[in-house]
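From first to last, the protein sequence lines are chains A and B. Each residue of the first sequence is one higher than the one before, starting from 1 at the first, in full-length UniProt numbering. Each residue of the second sequence is one higher than the one before, starting from 1 at the first, in full-length UniProt numbering.
Fair warning: there could be bad hints in the mix.
[To be verified] In silico EDC-like links for lysine to aspartate or glutamate, alpha-carbon gap of 20 Å or less:
| hint | chain 1 | residue 1 | chain 2 | residue 2 |
| --- | --- | --- | --- | --- |
| 1 | A | K70 | A | E184 |
| 2 | A | K285 | B | D333 |
| 3 | B | K79 | B | E8 |
| 4 | A | K59 | B | E331 |
| 5 | B | K59 | A | E63 |
| 6 | B | K59 | A | D61 |
| 7 | B | K59 | B | E77 |
| 8 | A | K70 | A | D333 |
| 9 | B | K562 | A | D595 |
| 10 | A | K59 | B | E283 |
| 11 | A | K245 | A | E331 |
| 12 | A | K321 | B | E331 |
| 13 | B | K321 | A | D595 |
| 14 | B | K332 | A | D516 |
| 15 | A | K224 | B | D595 |
| 16 | A | K332 | B | D516 |
| 17 | B | K555 | A | D333 |
| 18 | A | K321 | B | D333 |
| 19 | A | K562 | B | E598 |
| 20 | B | K217 | B | E283 |
| 21 | A | K408 | B | E575 |
| 22 | A | K321 | B | D273 |
| 23 | A | K182 | A | D247 |
| 24 | A | K562 | B | D595 |
| 25 | B | K562 | A | E63 |
| 26 | B | K321 | A | D516 |
| 27 | B | K562 | A | D590 |
| 28 | B | K321 | A | E331 |
| 29 | B | K285 | A | D590 |
| 30 | A | K224 | B | E331 |
| 31 | A | K562 | B | E331 |
| 32 | B | K555 | A | E203 |
| 33 | B | K408 | A | D247 |
| 34 | B | K217 | B | D273 |
| 35 | B | K224 | A | D333 |
| 36 | B | K224 | A | D183 |
| 37 | A | K555 | B | D590 |
| 38 | A | K555 | B | E575 |
Because the hints were derived from the structure by calculation, they are not lab data.
Protein chains: 2
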Amino acid sequence: MVAPLLSERDLEFLLYELFDAEAMTQRARYCDHNRETFNAALQTARTVAEKFFLPIRQKVDSEQPTFDGKAVHMIPEIKTAVDAVIESGLASCTADYGLGGMQLPEVVANAVSAYLSAAGSTTLGYTSLTNANANLISAHGTAEQIEKWVVPMRDGRFAGTMAMTEPGAGSGLADLTTSAVKDENGHYRISGSKIFISGGDHELNDNIVHLVLARVKGAPQGVKGISLFIVPKFLVNDDGSLGEKNDVALAGLFHKMGGRGHTSTALSFGERDGAIGYLVGEENKGLSYMFHMMNEARILVGTMGAVTALTGYQYSLDYAKERPQGRLLAEKDPSSPPVSIIQHGDVRRMLLAQKAYAEGAYALCLLGAQLSDDEKTAETEAERKAAHTLLDFLTPIIKSWPSEYGPKANDLAIQVLGGHGYINEHPVEMFYRDNRLNPIHEGTTGIQSLDLLGRKVPMNQFAGYQACLSAMEETIAIAKQSEALAGFADDLSTSITTLKTTTETVLAATQSMTVDAAFCNSVSYLNLFGHVVVAWIWLKQGVVADAALSSSPHKSDEDFYKGKLQAMAFFFRHELPLTHHWATIISDLDTTHFDMQEAWF
Amino acid sequence: MVAPLLSERDLEFLLYELFDAEAMTQRARYCDHNRETFNAALQTARTVAEKFFLPIRQKVDSEQPTFDGKAVHMIPEIKTAVDAVIESGLASCTADYGLGGMQLPEVVANAVSAYLSAAGSTTLGYTSLTNANANLISAHGTAEQIEKWVVPMRDGRFAGTMAMTEPGAGSGLADLTTSAVKDENGHYRISGSKIFISGGDHELNDNIVHLVLARVKGAPQGVKGISLFIVPKFLVNDDGSLGEKNDVALAGLFHKMGGRGHTSTALSFGERDGAIGYLVGEENKGLSYMFHMMNEARILVGTMGAVTALTGYQYSLDYAKERPQGRLLAEKDPSSPPVSIIQHGDVRRMLLAQKAYAEGAYALCLLGAQLSDDEKTAETEAERKAAHTLLDFLTPIIKSWPSEYGPKANDLAIQVLGGHGYINEHPVEMFYRDNRLNPIHEGTTGIQSLDLLGRKVPMNQFAGYQACLSAMEETIAIAKQSEALAGFADDLSTSITTLKTTTETVLAATQSMTVDAAFCNSVSYLNLFGHVVVAWIWLKQGVVADAALSSSPHKSDEDFYKGKLQAMAFFFRHELPLTHHWATIISDLDTTHFDMQEAWF
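Same shape as in the complex, but just chain A (with noise of 0.2 Å):
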């Protein structure tokens, strides 16, 4: 049995029935690519995930990577995989011609990222984190920083990491204590212990560049008083070749759940006479700097979650046509033969929610994508910052849905295989586990739902949730003209009015209680709008789908379309619904767990 890593139909449908990246061709940053090229890069995404990635999944994970003391060993086949990316361009695809990069838009890159992800999000770990280093000097950095750091990240030389928890602040990083003092040379030496830090050390690249947060010595207390350094475990020499190794020291690492081939560090920086570091931009301004970088990470996030949902899906799939057990229950003789499990009805409610869960969830993360796309490339400086906006105000939700939705669609893929998938003869125990990072990292749930609530609602008078709102209802205007659609567009609005007046409730709940009060339902308010937002998603397929239905397709596509149809029914019918349910929570200003006392648990 093979199943498919990804749909490639469904890629098809999102990219250029549901999204038109082609479009994207008009642009002059993309002006010489075409659907072929966007294609081919698909193409070797799928290759090189086939070839190197799928063949070690499951070694990855069962051979974690270790520390004797001196350095980390792994197997040899992710650094074969790794250079098998960067090789082949994959690693920085939406990066300048000039720089080496493919200067794909990003919901292309997107697609192309997913190949890899489905065989092998942790092997590919290594060069999106890269990537999104790289990303952020470049936006951030001098020329001269540029030059010395991006370049070779971009060739694959150098490999990259963010490094901002803390022992003793996880999320908080208010309280986050790295200290820098700046020496003679007018660079700094940096002191602290980082935790969590993916990729913090291997032998799979020539020098690792960490970008840290650290607080100058004397600057204000809180989130005000952070800055964000350069801080190379090899320093390099202005030749572009590497000098002395810097004070950067692996203290451990740690074991987790999943994820395994990625290493999580620990890493103690200025054990002796503090580590070289360099500044980005302008001191106390690191949170902002970093935030460049976590916004396009909290996309990357989603992504995972999603992709991760969508490979278990097609997999539980694959093995629910084949495998045949029991009869259906109006079959009362027991010499005929047993059906294959897709005849079930409660295997088909798990496969079909895993669609409109993995589905629902990727197509957001290409909307998220092609919304970066727009604010970087899109024709006026008003589509560019509406683009902004809207990105800015759905990146909680972005981040949030797809993670926590995600591992759920894998829990269902185990349910499916039932014992076989509890065991590691097959991969969906596995997915599950990687999956269950993703509502963790990079700003828990929540913390996403916070965000959403106690900032991106009210935001620049509303702003991105009022555009929310207004695409939302430019999409149930158009389904509305559909006999096959209204329905769903009504359920669509109704939820949506729901949401606003519980908004409304909520936010004005602050005047009569204290915010923590008020705000302690904040991860109800992310489940209904994601569900809100997820339900909108899936009428945009509908309204495609449907569209594509009177045109008389072949059989194949017809078949297609009716499941995209099917799926969307589904989420309206057994999920949407469910928005109401958080919507009373929510509007009845519950503080059932916020009153209870700590000596009462």
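Following the hints, put chain B in place on chain A, whose structure we already have.
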């Protein structure tokens, strides 16, 4: 940080305040017992758990048993722990004194084994499966079989397994192909392959007694042609000494997501001339005997789900009290000290949800254990029959609700710890992995849902269904007397009304559509009924806590009872309203997923 395995105060509440375990001592079988002997057994279990299980809990997980083609190797600490359970008498604490047991009531024995389960459910698996095997042979075997197999299992020399699943037939027992041929001695020769046999081979005991389902040559097709056999690893001579090795071979070990210390094996029976097996009871009645064991095992599975949730809750609660991070939203001064994370609204939600799931689930399991006592030892035949009827009805809910909501609780425990929850320095990710088996084995959640809706509800003119409704009405009537509880009692009443209407609708639907279509939302029905039952269990706890509060308890007890009422309120406000969501799906006779064609996926 040493989090308690379980809350002693909560166990005391459940055993003595909610279920009145002391009343058991009025029954002849338990007349030598009193509260002190019960507590002594609990203390013994706690001591063994803390001394032998807890220190190796993570080692058992990280160092899986291996198979070198000849024998299974496991870390020696497992044998030490298993021996400690046997030597302390805890392995067969419900068994007769005459067989070396403690003759404890089930309700107390359940709490006793909860300590061991919390400290290492994997290691406990060996003795609990042996105990279930011995119980089955005691109930259905001959006096000679009991002497030969049960006695050495009770005293710990032999271990026991149940061997049902085959590679081609997982949940579909009707299709099992393992064969049995009667030989000249009146024994049978067994041939076939079994998979996922827990504890199928190891060196912990002198011998292993497999209970094997097989089909006698010429038996009817389907489940009516299945017989049950005792098939030992080593034959046993008439003097009780071990004879030659039987024709049972270990074909391999499975590597599981969790529960890693408990070997899961593929066994090959009869590779040479057939493994010698001894028929239990009569031919072709094997499945009914196995269901004796399976009903017991289903309650045990629910219990494992609940206990693993309880211990994860205790662990994350302890962590949340001790871990400082961030500030309340209302606090704008960055120089104020960070608060412990239990102060954050969303962390409190995740803790209170765990309490509501875990304590609700465990109270439900103890109700099952008490009904199991009552069906055997209640004073009158009518009481015994009533207990049997209710327990039989509730079994699919007792099996599945804790095994579905236990992992959800563990998932929240991971989230409370954030990044620290994802690494193996803390056990919460292991709890999740261990617990994830429970919705699968001993009948998946899907199978339990069909057992409930298709069999248990209509069975015996709705006798069990009506008994369950009556029991709930009784609690509602009591709760209505209290001002603090009346509103909750009304909410439960409303949900029960919805449940009744939904039940009528879905059963009537089988007249107008195929049974497979009508029952395609059986899991929603199980969710609906499960939530109503757990709300009832919470209301029962609320009644006790409310009464206790009015009698001016000590401060620590007052806090405890207030916590119970708050968890009850949380369940009623955040969970019970979901029953209306599920009821709508079922009552609409929604067939969206059932109508999904294979080609559309």
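Consistency of the hints with the structure:
1. For the given pair, A:K70 sits about 31 Å from A:E184 by alpha-carbon distance, which is inconsistent with the 20 Å threshold.
2. Between the alpha carbons of A:K285 and B:D333 the distance comes to roughly 19 Å, so the proposed pair stays at or under 20 Å and holds.
3. With a C-alpha separation of about 27 Å, the suggested pair B:K79 and B:E8 falls outside the 20 Å cut-off, and the hint is violated.
4. For a cut-off of 20 Å, the pair hint linking A:K59 to B:E331 is broken: about 48 Å separates their Cα positions.
5. Distance restraint check for B:K59 and A:E63: the Cα-Cα separation of roughly 17 Å lies within the 20 Å cut-off, and the hinted pair is therefore satisfied.
6. Restraint check for B:K59 and A:D61: the C-alpha separation of about 18 Å stays at or below 20 Å, so the hint holds.
7. A distance of roughly 9 Å separates the Cα atoms of B:K59 and B:E77; the hinted pair therefore holds under the 20 Å criterion.
8. A distance of roughly 66 Å separates the Cα atoms of A:K70 and A:D333; the hinted pair therefore is violated under the 20 Å criterion.
9. Among the hinted pairs, B:K562 with A:D595 is consistent with the structure: their alpha-carbon atoms are about 11 Å apart, no more than 20 Å.
10. Only pairs whose Cα atoms come within 20 Å are accepted, and A:K59 paired with B:E283 is rejected, the gap being roughly 46 Å.
11. With a CA separation close to 72 Å, the supplied pair A:K245 and A:E331 exceeds the 20 Å bound.
12. Distance check on the hinted pair: A:K321 and B:E331 sit about 56 Å apart at the alpha-carbon level, beyond 20 Å; violated.
13. Simply put, B:K321 and A:D595 have alpha-carbon atoms about 16 Å apart, close enough for the 20 Å limit, and the pair holds.
14. Of the supplied pair hints, the one linking B:K332 and A:D516 holds, its CA atoms being roughly 12 Å apart against a limit of 20 Å.
15. Proximity of A:K224 to B:D595 is assessed by CA-CA distance (about 56 Å); at most 20 Å being required, the pair is judged violated.
16. The straight-line distance between the Cα atoms of A:K332 and B:D516 is roughly 12 Å, inside the 20 Å bound, and the hint therefore holds.
17. At most 20 Å may separate the alpha-carbon atoms for a hinted pair to count; B:K555 and A:D333 exceed this at roughly 64 Å.
18. For the hint pairing A:K321 with B:D333, the CA-to-CA distance comes to about 59 Å; that exceeds 20 Å, so the pair is violated.
19. Taking the CA atoms of A:K562 and B:E598, the gap is about 11 Å. The hint holds against a cut of 20 Å.
20. For the hint linking B:K217 to B:E283, the alpha-carbon distance of about 11 Å falls within 20 Å, and the restraint holds.
21. Between the alpha carbons of A:K408 and B:E575 the distance comes to roughly 18 Å, so the proposed pair stays at or under 20 Å and holds.
22. Restraint check: the Cα-Cα separation between A:K321 and B:D273 comes to about 37 Å, which exceeds 20 Å; the hinted pair is violated.
23. Pair hint A:K182 plus A:D247 holds up; C-alpha atoms about 15 Å apart against a cutoff of 20 Å.
24. Proposed proximity of A:K562 and B:D595 is supported: the alpha carbons are some 11 Å apart, at most 20 Å.
25. Distance check on the hinted pair: B:K562 and A:E63 sit about 48 Å apart at the alpha-carbon level, beyond 20 Å; violated.
26. With a C-alpha separation of about 18 Å, the suggested pair B:K321 and A:D516 falls inside the 20 Å cut-off, and the hint holds.
27. Distance check on the hinted pair: B:K562 and A:D590 sit about 17 Å apart at the alpha-carbon level, within 20 Å; holds.
28. Only pairs whose Cα atoms come within 20 Å are accepted, and B:K321 paired with A:E331 is rejected, the gap being roughly 56 Å.
29. Between B:K285 and A:D590 the CA atoms are separated by roughly 54 Å; this puts the pair beyond 20 Å, and the hint is violated.
30. Restraint check: the Cα-Cα separation between A:K224 and B:E331 comes to about 16 Å, which is no more than 20 Å; the hinted pair holds.
31. A C-alpha spacing of about 52 Å is found between A:K562 and B:E331, which places the hinted pair above 20 Å, so the restraint is violated.
32. Under the criterion of a C-alpha separation no larger than 20 Å, the hint pairing B:K555 with A:E203 is inconsistent with the structure, at around 59 Å.
33. In summary, the hint linking B:K408 to A:D247 is not supported, as the alpha carbons are separated by about 43 Å, beyond the 20 Å threshold.
34. Of the supplied pair hints, the one linking B:K217 and B:D273 holds, its CA atoms being roughly 16 Å apart against a limit of 20 Å.
35. A threshold of 20 Å between alpha carbons decides the hint, and for B:K224 with A:D333 the separation of about 12 Å falls inside it, so the pair holds.
36. Restraint check: the Cα-Cα separation between B:K224 and A:D183 comes to about 85 Å, which exceeds 20 Å; the hinted pair is violated.
37. Among the hinted pairs, A:K555 with B:D590 is inconsistent with the structure: their alpha-carbon atoms are about 26 Å apart, more than 20 Å.
38. The suggested pairing of A:K555 with B:E575 is violated, with an alpha-carbon distance near 44 Å, which exceeds 20 Å.
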